[in-house]
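A.B. asks: Each chain, written out:
2 protein chains.
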Amino acid sequence: MKRHFEQELEGLKTNLIKMGSIAEESIALAIKALHSRDSVMAQKVVDGDARINTLEIEIDNAIVDLLALQQPVAVDLRLILAAQKINNDLERIGDHGVNIAESVLGLLKLDPYDSLLEIPKMTTVAQDMLRNALDAFIHQDPRLGRTVLEQDDGIDALNRAMVVQVVELMKTDKNAIDGGLELIRISRNLERVADLATNIAEDVIFITQAKVVKHHAEERG
Amino acid sequence: MKRHFEQELEGLKTNLIKMGSIAEESIALAIKALHSRDSVMAQKVVDGDARINTLEIEIDNAIVDLLALQQPVAVDLRLILAAQKINNDLERIGDHGVNIAESVLGLLKLDPYDSLLEIPKMTTVAQDMLRNALDAFIHQDPRLGRTVLEQDDGIDALNRAMVVQVVELMKTDKNAIDGGLELIRISRNLERVADLATNIAEDVIFITQAKVVKHHAEERG
Chain A
31 MKRHFEQELE GLKTNLIKMG SIAEESIALA IKALHSRDSV MAQKVVDGDA
81 RINTLEIEID NAIVDLLALQ QPVAVDLRLI LAAQKINNDL ERIGDHGVNI
131 AESVLGLLKL DPYDSLLEIP KMTTVAQDML RNALDAFIHQ DPRLGRTVLE
181 QDDGIDALNR AMVVQVVELM KTDKNAIDGG LELIRISRNL ERVADLATNI
231 AEDVIFITQA KVVKHHAEER G
Chain B
31 MKRHFEQELE GLKTNLIKMG SIAEESIALA IKALHSRDSV MAQKVVDGDA
81 RINTLEIEID NAIVDLLALQ QPVAVDLRLI LAAQKINNDL ERIGDHGVNI
131 AESVLGLLKL DPYDSLLEIP KMTTVAQDML RNALDAFIHQ DPRLGRTVLE
181 QDDGIDALNR AMVVQVVELM KTDKNAIDGG LELIRISRNL ERVADLATNI
231 AEDVIFITQA KVVKHHAEER G
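Respectively, the protein sequence lines represent chains A and B.
Remember, our numbering sits 30 above the position in the first sequence when you count from 1.
Remember, our numbering sits 30 above the position in the second sequence when you count from 1.
Mixed in with the good hints there might be a few duds.
Repeated chains share a single entry, so a pair holds when one copy, or any two copies, can fit it.
To be verified - Restricting the straight-line Cα-Cα distance to at most 35 Å, the calculated cross-link-like pairs of lysine-lysine (DSBU-like) are: (1) Lys201 x Lys48; (2) Lys74 x Lys201; (3) Lys43 x Lys204; (4) Lys62 x Lys43; (5) Lys115 x Lys62; (6) Lys43 x Lys115; (7) Lys115 x Lys48; (8) Lys74 x Lys139; (9) Lys48 x Lys204; (10) Lys151 x Lys201; (11) Lys48 x Lys139; (12) Lys204 x Lys139; (13) Lys139 x Lys43.
Calculated directly from the structure, the hints in this document are not laboratory data.
Keep in mind that this is a model prediction, so the values were computed, not measured.
Chain A with its partners taken away, still in its complex shape (with noise of 0.2 Å):
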């Protein structure tokens, strides 16, 4: 039973990387499309969002069977609780991808900008806070968790001073409108992420804390 156990727990820790891969490619896909200006690779960003829907339904269905035969309590317990909320930040991810796609979509109609401003450097953050949350989770690592949440106030700056840069242009030239609303959505979008890279790290950092409670508790016990 035990060994069951730790395979199916394997399995689903296995299935949330496949999810993040995925995330993470819906949103490096999407802003690969609005610096090659291609529509095609852009609506492939809002087709692909049927597959990880599906998959985060599995992921969601196989939490509820694990808990029901295993019943496992303490740490697991906690895990298994924190991959629900993980896997549905990673859906909100793969949204947040589909929104940015959209916004592409809405800009390759419209003459092209002359600088697409903070979004490659927010782009490069909240890629690199999602990868540092996935990859806290798969290590079990809260301090490099913790490095994710020391990173947040970064680009929530960089979403700020975007705003205040395109504001200034629409304000300059009344046909900047448009595609400025569709840069603040993608800056947004990208901030968001950034939002959901830390929620997965905070996830990891509790997990990895009741570790530490029941390691105590163990020690007095």
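Let chain A serve as the given structure and place chain B on it in line with the hints.
C.D. replies: Relative to chain A, chain B alone:
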């Protein structure tokens, strides 16, 4: 043990209903502050967010305890897993209340807008959806849950109409740009509240469908 479990489950439901009330209140107060141009009221919403965050953690901890100590299966297990999701959705609705209140504070620094366009209509629909989703959860009523799902397209359409109207205003008057961005932000946040109400309704349908499945299995058994 059984009676104790029922009590804990009732306690969990009661806390979620309390969380729902606070989330509803946050949206209602933020929109009231918008209409009455009341910065003190808007600030109250921003400051009130700590309360909903604390309650979210309390509920999450109660869920861990309930699963660890009672090890429920089938319908009860699905109800508790759905409760974790609903808890998170309600916390996010509180965040949207804060976002709206922040936009109100932004708007109050500018000249009053002539019209709030689709915002009053969107508020009515979003609040109605949230109320119905919470009622569906309280009474475990999938029929009411389905009415929430049907309302979601309407608010998406209002949000799109809103953006078109604001962009038109921005293009004719560059002084409308700053306020217009805040109105779009409020509109988008109301649309997200409606999405989250839809999530809650879907969870209620999921729980009650599991009941049906269990019922059939028992009949066969």
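A.B. asks: If a hint holds in the structure, say so; if it doesn't, say that too.
C.D. replies: We went through each hint and held it up to the structure:
In this assembly of identical chains, the alpha carbons of Lys201 and Lys48 never lie at most 35 Å apart, being 44 Å within a copy and 45 Å across copies at closest. Proximity of Lys74 and Lys201 under a CA criterion of 35 Å is satisfied in both settings, with 34 Å inside one chain copy and 32 Å between copies. In this assembly of identical chains, Lys43 and Lys204 lie within 35 Å of each other by CA distance neither inside one copy nor across copies; the values are 49 Å within and 51 Å between. For the homomeric pair Lys62 and Lys43, the shortest alpha-carbon distance inside one copy (28 Å) is at most 35 Å, but the shortest distance between copies (45 Å) is not.
For a Cα distance limit of 35 Å, the shortest separation of Lys115 from Lys62 qualifies both inside one copy, at 28 Å, and across copies, at 33 Å. Taking the shortest alpha-carbon separations for Lys43 and Lys115, both the intra-copy value of 13 Å and the inter-copy value of 19 Å come in at or below 35 Å. Taking CA atoms no more than 35 Å apart as the test, Lys115 paired with Lys48 passes in both settings, with 15 Å inside one copy and 21 Å between copies. Taking the closest pair of Cα atoms, Lys74 and Lys139 come within 35 Å of each other only inside a single copy of the chain (17 Å); across copies the shortest separation is 42 Å, beyond that limit.
Taking CA atoms no more than 35 Å apart as the test, Lys48 paired with Lys204 passes in neither setting, with 44 Å inside one copy and 46 Å between copies. Both within a single protomer and between protomers do Lys151 and Lys201 lie at most 35 Å apart by alpha-carbon distance, with minima of 24 Å and 29 Å respectively. In this homomeric assembly, Lys48 and Lys139 come within 35 Å of each other (Cα to Cα) only inside a single copy, at 34 Å, whereas the closest approach across copies is 47 Å. With identical chains, the CA atoms of Lys204 and Lys139 are at most 35 Å apart both within one copy (16 Å) and between copies (23 Å).
Proximity of Lys139 to Lys43 under the C-alpha cut-off of 35 Å is found in neither arrangement, the shortest distances being 41 Å within a copy and 49 Å between copies.
Hints 1, 3, 9, 13, counting from the list given before, are not met by this structure.
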